Each structure stands twice: as C-alpha cells, then as structure tokens.
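A.B. asks: Protein sequence lines correspond, in order, to chains W and V. Numbers in my numbering are just positions in the first sequence, counted from 1, shifted up by 19. Numbers in my numbering are just positions in the second sequence, counted from 1, shifted up by 19.
Hints in this document: simulated from the structure, not taken from any laboratory. Computed from a prediction, not measured in an experiment: that's the story for all the values here. There may be inaccurate statements among the hints.
Identical copies go unnamed one by one, so any copy, or any two together, can satisfy a pair.
Derived BS3-like pairs: lysine-lysine, alpha-carbon spacing no greater than 30 Å straight-line [said to hold, decoys possible]: (1) 93 with 38; (2) 154 with 64; (3) 154 with 93; (4) 56 with 38; (5) 284 with 408; (6) 69 with 154; (7) 408 with 464; (8) 88 with 154; (9) 505 with 288; (10) 202 with 500; (11) 439 with 69; (12) 439 with 288; (13) 505 with 457; (14) 464 with 256; (15) 202 with 190; (16) 439 with 56; (17) 88 with 256.
There are 2 protein chains.
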Amino acid sequence: MGSLSKIAFSPLEPIEFSKESERVIDFITQYYNNIEKYPVRSQAKPGYLKPELPNSAPYSPESLEDILKDIESKIIPGLTHWQSPNFFAYSPINASTSGFLGEMLCSGFNIISFCWIASPAATELETIVMDWMAKMIELPPSFMSSGNGGGVMQTSTCEAIVCTLAAARDKVLTDIGHEAITKLVVYGSDQTHSALQKGAKIVGFPPSNFRCLPTYFSDGFTLSPQTLEDAIQEDIKSGFIPLYLCATIGTTACAAVDPIEGLGKVARKYNLWFHIDAAYGGSACICPEFRPYLDGVELVDSLSISPHKWLLTNMDCSCLWVQNRKDLINSLSTSPEYLRNAASESNSVIDYKDWQIALTRRFRALKLWVVIRQHGLATLRYHIRSDVKLAAYFELLVTADSRFEVLLPTKLALVCFRLKPGQNDEEGALINQEMNKKLLQEVNKTGQAFITHGVAGGVYFLRCSVGAALTEERHVEGLWKLIQEKASSVVL
Amino acid sequence: MGSLSKIAFSPLEPIEFSKESERVIDFITQYYNNIEKYPVRSQAKPGYLKPELPNSAPYSPESLEDILKDIESKIIPGLTHWQSPNFFAYSPINASTSGFLGEMLCSGFNIISFCWIASPAATELETIVMDWMAKMIELPPSFMSSGNGGGVMQTSTCEAIVCTLAAARDKVLTDIGHEAITKLVVYGSDQTHSALQKGAKIVGFPPSNFRCLPTYFSDGFTLSPQTLEDAIQEDIKSGFIPLYLCATIGTTACAAVDPIEGLGKVARKYNLWFHIDAAYGGSACICPEFRPYLDGVELVDSLSISPHKWLLTNMDCSCLWVQNRKDLINSLSTSPEYLRNAASESNSVIDYKDWQIALTRRFRALKLWVVIRQHGLATLRYHIRSDVKLAAYFELLVTADSRFEVLLPTKLALVCFRLKPGQNDEEGALINQEMNKKLLQEVNKTGQAFITHGVAGGVYFLRCSVGAALTEERHVEGLWKLIQEKASSVVL
Chain W
20 MGSLSKIAFS PLEPIEFSKE SERVIDFITQ YYNNIEKYPV RSQAKPGYLK
70 PELPNSAPYS PESLEDILKD IESKIIPGLT HWQSPNFFAY SPINASTSGF
120 LGEMLCSGFN IISFCWIASP AATELETIVM DWMAKMIELP PSFMSSGNGG
170 GVMQTSTCEA IVCTLAAARD KVLTDIGHEA ITKLVVYGSD QTHSALQKGA
220 KIVGFPPSNF RCLPTYFSDG FTLSPQTLED AIQEDIKSGF IPLYLCATIG
270 TTACAAVDPI EGLGKVARKY NLWFHIDAAY GGSACICPEF RPYLDGVELV
320 DSLSISPHKW LLTNMDCSCL WVQNRKDLIN SLSTSPEYLR NAASESNSVI
370 DYKDWQIALT RRFRALKLWV VIRQHGLATL RYHIRSDVKL AAYFELLVTA
420 DSRFEVLLPT KLALVCFRLK PGQNDEEGAL INQEMNKKLL QEVNKTGQAF
470 ITHGVAGGVY FLRCSVGAAL TEERHVEGLW KLIQEKASSV VL
Chain V
20 MGSLSKIAFS PLEPIEFSKE SERVIDFITQ YYNNIEKYPV RSQAKPGYLK
70 PELPNSAPYS PESLEDILKD IESKIIPGLT HWQSPNFFAY SPINASTSGF
120 LGEMLCSGFN IISFCWIASP AATELETIVM DWMAKMIELP PSFMSSGNGG
170 GVMQTSTCEA IVCTLAAARD KVLTDIGHEA ITKLVVYGSD QTHSALQKGA
220 KIVGFPPSNF RCLPTYFSDG FTLSPQTLED AIQEDIKSGF IPLYLCATIG
270 TTACAAVDPI EGLGKVARKY NLWFHIDAAY GGSACICPEF RPYLDGVELV
320 DSLSISPHKW LLTNMDCSCL WVQNRKDLIN SLSTSPEYLR NAASESNSVI
370 DYKDWQIALT RRFRALKLWV VIRQHGLATL RYHIRSDVKL AAYFELLVTA
420 DSRFEVLLPT KLALVCFRLK PGQNDEEGAL INQEMNKKLL QEVNKTGQAF
470 ITHGVAGGVY FLRCSVGAAL TEERHVEGLW KLIQEKASSV VL
C-alpha cells in the first residue's frame with residue numbers, strides 16, 4: 020500500500036477546508052454587498068453560457084480563484100437574483116443569515132437520516148422542530164408526535180402532495196381493489212398550484228380525473244364549498260370515487276385563502292382526504308391576526324408549509340403534517356434487509372424514509388431549528404408583519420394613482436394590480452391586457468426590479484410580491500416610481 | 020411607514036452574515052478535527068433528545084454561541100458520523116471541501132430555477148455539467164443535450180426512478196388507454212434497491228405487479244437475462260404488459276453489477292423501458308478500467324448516478340440521463356399561467372421543472388461544477404482508485420485470517436465477508452448467522468468503527484464499504500484489528 024500513502028490527496032483536509040470556506044464566505048458577502056447593482060432578472064440570452072465554457076471537464080485541477088472568477092463573470096450575469104431587494108416576482112424564496120448557517124451545518128455534517136440509527140439526532144430534532152412549528156401555528160395536538168399524527172420535512176409542496184395523494188389512494192384501494200384507480204377523483208380550484216394536477220398524474224390517476232373547479236372574482240377567487248359539493252355529487256352520479264381535495268392558503272396568482280372550515284365539512288361528509296397547501300401563506304399563521312386562515316384545520320388530513328418561501332429558511336425546506344401517520348407509512352414504507360436494525364424493529368423510533376419518496380434526506384431540521392432560535396417567534400412575526408406592511412404601503416401607492424387599480428384587497432404580502440381598462444367591453448379588456456403586458460416587459464427590461472403577472476377570472480394583472488430579506492421601504496418606493504414612469508410610456 | 024424603518028431588522032445583513040458564517044466555518048473545522056473522537060455510530064438511546072430541549076420555540080432570539088453549544092453537547096452525540104474515516108457502513112456519502120464550497124455558493128445565491136428565466140445560468144450550467152459528466156463516463160451522444168436526450172440533476176435515485184417510471188407508464192397508456200395501468204409490470208432483481216418497488220407503488224401500479232427476480236451466488240447475484248426473459252414471457256402469457264426494467268451497477272448489499280448488454284437486448288426485444296441505477300457504481304465508470312460496466316448502455320432508456328455517494332459531492336446530487344427527453348417532458352410538464360414567459364414559449368430553452376417532480380430545485384449544477392473543476396478528472400479517478408485499493412487491501416487482510424472468508428470477489432470498494440461457518444448444513448448456517456450478527460454488534464458497540472450487513476442468497480454477511488473522504492490506510496487497518504479482536508470473543 021506504500022504507493023498509495025505517498026500521494027497527498029485529502030479532499031476534506033481541515034486546514035484547507037477552513038481557508039477555502041472563508042474565501043467563499045468573502046465572495047458571498049461581496050455578492051450581497053453588490054446585489055443591487057445586478058439586473059434583477061437576468062438579461063442573458065438563451066444559450067449564452069455554452070460558448071463561455073469548455074466542452075468537457077478539465078483533466079487537471081483548477082484553482083478556487085479561477086472558479087470564482089468564472090462565477091463572477093459568467094454565472095452571476097446569468098442569475099435572476101431572488102435575494103435582490105428589488106425582486107418582487109413569483110413568491111419569495113427568502114434567504115437569511117440563519118438559514119445559511121443552518122445549511123452550512125447540515126452540509127458540514129453531511130449525514131443522511133433515512134432510518135433513526137443513521138443519525139438519531141436528525142430524526143429526533145425533526146420531530147421536535149415539527150412539533151415546535153405545529154405549536155407556532157396552533158395546530159391541534161392530533162397533528163403532533165404525541166398524537167396519531169406528526170410532521171416530516173420534505174423538499175417541496177410538490178413532494179408533500181405526491182406523498183399524501185399516494186397515501187389517500189392506497190387507503191381506499193386496499194379496501195376496494197386496485198382496478199378502481201381509474202375512478203378516483205382529485206379536486207382543486209383553477210387557482211390551485213399546478214403541483215396538484217401534476218401530482219395526481221404522477222400517482223397514476225387518469226388526467227381526466229382531475230377537477231379544476233372554477234373560482235370567481237366575487238369570492239376573491241377562493242374555492243366555494245358549494246361548487247365543491249356540486250362537483251362531488253356529479254362525480255358520484257357518474258360512478259367516480261371522490262378521493263382528495265387540496266385547498267390553498269395563499270394561492271400563487273393572487274394569494275387567495277380558501278375557506279378551510281366550509282371545505283372541510285364537505286370533505287368530511289364525502290370522506291375525502293383533505294390537504295391544505297399553505298406553502299406561502301402558512302408562514303403568516305404564526306401571527307395571531309393571520310391564524311384564523313387555519314380555522315377548521317381539525318377537519319384536515321394533511322397540511323404543508325414551506326419555510327423556504329417566507330420564513331427566512333434557505334432552500335429547501337417544506338413541512339408536512341398529517342393527522343394519521345399510519346396512512347402515510349402504510350403507503351410509503353419499505354424495509355430492505357440492508358437497512359434492518361434493532362432500533363427500527365423495536366418500533367420505538369421514527370424512520371422518516373417511510374414518510375417521503377426518497378431514502379436520501381437532508382438534515383433540514385437543523386436549519387429550521389437555527390432559524391427559529393436565532394430569531395425567536397417574536398422576530399419571525401415581526402418579519403412577516405413588516406413584509407405585509409410593505410405590501411400595504413405599495414397598495415396605498417397604487418391606489419393614489421388614478422391610472423391604476425388594485426384588483427383585489429391585498430392578502431398577505433402580495434398586491435395584485437393593473438392599469439385600468441379604458442373601456443368596459445371585450446375590446447377594452449384585450450387592449451388592457453396588452454397594455455399591462457407591455458408595462459411588465461418595460462419594467463423588467465430595465466433590470467431595476469422584477470415583477471411577474473397572474474391571470475384570474477380571465478383578467479391579466481401584475482403582481483408585487485414582497486418578501487426578499489433585503490427589501491426595505493425604499494425598494495418598494497423605487498419599484499412604484501419605475502412602474503409609474505414606464506406606465507407613462509405605455510399609456511399613450 | 021416611519022415606525023417600520025425605525026426598528027432594525029435585517030436578517031441578511033452582510034457584515035453580520037460574514038461574521039457569523041466564519042464562526043460556523045470554525046465550528047465545522049473543529050468538528051472535522053475531532054471527528055475521530057466521536058463514536059461513529061451514535062450511541063444515543065431512542066427519545067434521548069426530547070428531555071434535552073424545550074417543548075416549544077423560543078419567543079425571543081437566542082445567540083449563535085448558545086445554539087452552537089447545544090449542537091456540540093446535544094446534537095453531535097446523536098449523530099452517526101458519515102464523514103468519519105471509520106465509517107464503513109451502507110454506501111459512502113462522501114463530503115469534500117469542494118462539495119461544501121459548492122453548497123455554500125448554491126445556498127448563498129438561493130435561486131430556484133424551475134424555468135430557464137428564473138435563473139438562466141442555473142439551467143444552462145446544469146445542461147453543460149450533465150454533458151461533461153456524460154463524456155466522463157463515455158455515454159453515447161444520444162444521451163447529451165445535442166441529441167434527443169439530455170441530463171437533469173435531481174435529489175436522489177428514488178426520484179429518478181419515479182420520474183422514469185411515470186414517463187414509461189404514460190408513453191404506453193397514451194396508446195392503449197389508462198385502464199391498462201393495472202396490467203403494467205416492473206422488473207428488478209432481489210438485489211435491486213427498494214426504491215424500485217416503492218417507486219412502482221408510488222406511480223400507481225398494483226404492488227403485485229412488481230417482479231422481484233431471483234439472483235444466485237453462481238452469478239455473483241446479478242440478474243440473468245434468461246431469468247428476465249422467462250419472467251417476461253410468463254407475464255405476457257398471463258395477460259400482463261411488461262413495462263420497465265431496472266438494472267444496477269453496484270447493488271446496495273454486495274455491489275453486484277448486472278449485465279447491461281444482455282439485459283438490454285431482452286429489454287429491446289420486448290420493448291421495455293430500461294433504466295440503470297448506477298447510484299453508487301456509476302461514479303467509478305469515470306475510470307477506463309470500470310467503464311466496461313456500462314457496455315451496452317446504448318440499449319438503455321435512462322441512467323442515474325449519484326455523485327453525492329462516491330464523487331465527493333455533498334448531498335444532494337443525483338444525475339439522470341435519458342435518451343429521449345420528450346418522454347420525460349410529456350409525462351411531467353405543466354405550464355400554469357403564472358410561470359408563462361417568452362423564453363419558455365420560444366422553445367429555445369429548457370425548463371427543468373418538466374424533467375422532475377417538484378418546481379423547487381437547488382442549484383446543484385454549481386456544486387458539481389466546482390467539484391469537477393477543483394479536482395479535475397485525473398484526481399477524481401485517483402479518488403475512486405484509492406478507495407478501490409483500500410477495499411482490496413481490506414480483502415487481503417480478511418483472506419489472511421483463516422477464521423474468515425470473503426464471500427464474493429470484491430467489486431468497486433465494497434468487501435463482503437463473514438466468519439466461516441463451522442459446519443456445512445442448515446444448523447451450521449443458522450449458528451453462523453448468529454455469530455456474524457454478534458460480531459457486527461460487538462464491533463459497532465465500541466464506537467470505533469461502523470459497519471453494516473447484507474443478505475444475498477440467504478447468506479448473512481458483513482460489509483466493509485470504503486469511501487469516506489477522510490479514510491486512510493490506517494483506518495482500514497484499525498477496522499480489521501477491531502474485527503479480529505471482537506471475533507476472538509465471538510468465536511468460542
């Protein structure tokens with residue numbers, strides 16, 4: 020073995036690890052210092068990167084400095100800067116120092132906790148932090164580890180939906196036979212995230228068994244329990260089996276909050292699995308003034324919230340709670356010989372591999388734990404409220420300009436607005452849509468801010484979604500000035 | 020808005036970010052310095068953590084120092100140290116300085132690249148790095164972005180399997196109608212990772228449609244093409260529709276390498292989707308001497324390799340290539356209004372959301388790019404070869420002790436061995452199993468090393484899986500000494 024030990028190769032040597040890590044911390048710190056200088060939405064053209072990089076991997080090592088230089092000159096120009104204070108697009112994916120520290124610790128330990136024994140602390144901390152979070156949003160005890168339920172941290176809402184769809188499916192099919200899979204029906208609204216339709220397809224339901232129920236301006240684009248019940252009755256009449264309902268707290272397009280209690284009663288009446296996608300809006304429920312959004316949650320089978328959206332937790336981190344963990348485990352558990360161990364067989368521990376799709380799982384609990392502890396509930400509430408206030412401020416600014424209108428009363432930290440239509444007919448609607456599209460393009464083209472659009476009830480509108488950790492009042496004011504300025508060039 | 024700006028709350032303030040990040044780098048560096056002092060497999064008892072932590076989240080902020088103190092005293096004792104040089108269990112999940120730097124950059128930018136426009140650099144770098152990797156393992160050009168195929172980075176093999184199962188399913192069901200879902204059959208061997216069986220269940224196939232084909236000692240526990248063909252013919256006779264085959268390069272229990280070419284011919288003959296799970300063994304194929312494992316890969320529809328296992332890339336990072344990207348996209352694409360944009364509609368860009376389950380996706384390409392560049396192909400090959408040499412060295416040590424036997428010729432960096440049975444009958448086999456189980460327990464109880472077991476062909480054996488980045492010759496020697504010592508107390 021002599022020849023082996025002579026060659027120095029130590030890919031995790033602590034002195035080098037420390038030195039190079041500090042260099043990268045400097046680099047990222049500089050990035051945050053400069054972040055306002057970059058165009059928020061990348062102005063790169065499709066295919067820009069290929070000519071900039073070699074066609075194949077280097078044979079010999081390259082230096083960290085060379086790599087950082089390339090990141091500066093070739094990668095950063097191709098980034099859309101989600102952490103920019105001028106990012107008002109989509110939903111927030113807010114980073115924080117705490118979230119970053121948590122990620123570092125998680126990546127430094129680099130453990131994989133599929134079974135309890137593979138790292139007891141990771142499993143147990145996850146259970147504890149999920150109970151903390153459950154208390155922060157005042158979930159009934161049945162969702163906690165002391166009851167029949169419990170929580171698990173996954174990659175995304177999409178994954179939470181796939182897992183709960185599978186659990187709901189298997190619970191029913193075990194009783195009535197697998198052939199009935201083509202009869203199972205999934206319900207959402209035309210505002211529900213596309214993850215539901217995709218998830219229903221992934222778990223094997225015919226695409227035509229997805230019901231995209233209509234919502235209306237008069238209801239603030241929320242799903243009406245009556246609409247749901249009508250659809251269910253129709254399906255039963257046609258020989259279908261209503262299986263799963265997904266309601267949303269804070270829809271993607273316009274932050275609509277579905278009426279949980281009313282929908283829950285219908286879901287219970289017809290024995291549907293009821294999931295709440297609170298990916299965005301759920302974080303706000305740590306504030307007493309937003310907690311009423313969750314009223315009726317006792318009627319729910321599962322609930323997901325993504326702290327990587329609006330709770331200062333760097334990607335990825337999505338929390339899923341269920342009222343009956345057995346349903347999830349019955350559907351998703353496996354126990355291959357090579358993972359068998361005394362602790363798992365004693366039934367005294369949780370093996371989170373049985374609560375999710377993959378064996379692979381990050382130590383996300385550590386990250387969320389650091390975020391919660393470094394801020395405390397008080398500061399996390401302050402964080403939510405300050406974004407909500409900034410959105411309210413933006414709404415006020417919009418309202419004061421007679422060329423514009425706020426489409427819906429602002430929910431959470433999302434303002435839906437548009438240039439008013441000039442005439443109230445079909446032609447006017449078309450002209451208005453083109454005008455607002457043009458305005459969106461003009462604003463984003465400047466690189467000074469990034470906003471996106473939505474459509475609800477056939478109306479095209481612009482969205483100002485507040486939530487980046489660096490956003491202050493002046494950035495919201497800057498966005499509004501930019502929009503006003505561009506509006507002048509659009510409205511002729 | 021005056022009251023808002025008066026309160027200082029800046030969760031991503033660069034000076035604080037830099038200071039606290041450096042503190043955590045110090046902490047992690049210390050962890051690596053001390054890593055050999057901790058019991059490799061945690062000695063925590065089930066439920067150990069709950070009494071150590073508060074029942075609910077703190078209301079007020081806590082200091083980083085307090086949190087780090089708790090991690091030191093409460094979390095680390097509950098970790099099983101996957102980065103310990105004395106970790107020889109399961110498969111490696113090897114961290115490296117490069118992988119860590121890549122993770123930091125990814126977490127620092129904290130962008131989410133579901134669509135090209137959401138961060139063009141992330142999408143384009145992913146395409147480029149996947150092409151680099153494809154060349155490193157000499158995949159045919161049809162798997163690259165210039166052909167009809169291409170690569171995507173996902174969380175795990177489990178996810179890759181779910182996505183390709185869904186693609187295979189939808190390709191067939193589109194032609195013959197959704198009712199046929201209960202007739203679709205999935206094939207693997209009794210050595211295939213449990214992800215296949217679980218994945219088949221997730222995408223909606225009846226559990227009884229999973230064929231777990233037997234393997235034999237005489238074939239080194241590889242799947243025989245004849246066994247596969249017999250099973251397929253049997254299924255066709257019974258009215259089933261053979262759909263999907265998963266072969267493995269480096270099975271979990273004993274690193275068996277299935278014969279890709281032979282299986283591929285059968286798969287092509289019966290028009291099955293053929294996936295290769297090379298999560299562990301695929302990384303070795305960057306070395307010319309291991310590349311023959313992939314011979315026949317042109318017959319394959321999809322292939323996955325997890326650089327987070329054995330290519331120095333911190334979790335998570337799994338590479339999936341397909342020969343026909345249309346199949347994947349047809350099954351997994353969605354285009355909700357709020358994500359519509361000019362670039363996507365021009366069809367000149369990739370939207371990776373349509374290649375995976377979730378919208379959420381980390382900037383994994385950046386991490387793997389840093390790992391490849393900082394090491395270069397030459398050093399990555401050296402890394403693989405040095406682990407393989409260490410495993411060969413361990414095999415040699417085992418062979419020299421007449422109480423032990425190596426069960427199978429060592430493949431990759433995994434040695435399967437056991438205490439020899441005293442008598443060659445059923446009773447002897449039982450006694451032998453108990454003896455080896457006892458030996459495993461005794462070794463792991465010391466905390467000085469961690470190994471796990473496997474079962475193949477009914478034989479219980481111990482596994483020495485080399486691969487942690489810090490492992491050197493002396494650790495392998497230490498493990499062997501420990502095993503010899505404990506064997507003396509087990510064999511009476």
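A.B. asks: Compare the structure with each hint and give your call.
C.D. replies: A quick look at each hint next to the structure:
1. 93 with 38: Classified as both; 24 Å inside a copy, 27 Å across copies.
2. 154 with 64: between (47 Å within a copy, 26 Å between copies)
3. 154 with 93: This pair counts as between: shortest inter-copy Cα distance 22 Å, intra-copy 45 Å.
4. 56 with 38: So residue 56 and residue 38 pass the 30 Å test inside a copy (28 Å) and across (23 Å) alike.
5. 284 with 408: neither (33 Å within a copy, 64 Å between copies)
6. 69 with 154: Between copies only: 15 Å across chains, 49 Å inside a chain, cut-off 30 Å.
7. 408 with 464: Close inside one copy (27 Å), not across copies (56 Å); limit 30 Å.
8. 88 with 154: between (46 Å within a copy, 25 Å between copies)
9. 505 with 288: Result: close neither inside a copy nor across copies, 52 Å intra and 62 Å inter.
10. 202 with 500: neither (53 Å within a copy, 61 Å between copies)
11. 439 with 69: neither (43 Å within a copy, 57 Å between copies)
12. 439 with 288: neither (43 Å within a copy, 62 Å between copies)
13. 505 with 457: Within one copy, since 9 Å is at most 30 Å while 76 Å is not.
14. 464 with 256: neither (52 Å within a copy, 62 Å between copies)
15. 202 with 190: Both, since 14 Å and 20 Å are each at most 30 Å.
16. 439 with 56: neither (32 Å within a copy, 68 Å between copies)
17. 88 with 256: The answer is neither: 65 Å in one copy and 62 Å across copies each exceed 30 Å.
In this structure, the earlier hints numbered 5, 9, 10, 11, 12, 14, 16, 17 are contradicted, and the remaining ones agree with it.
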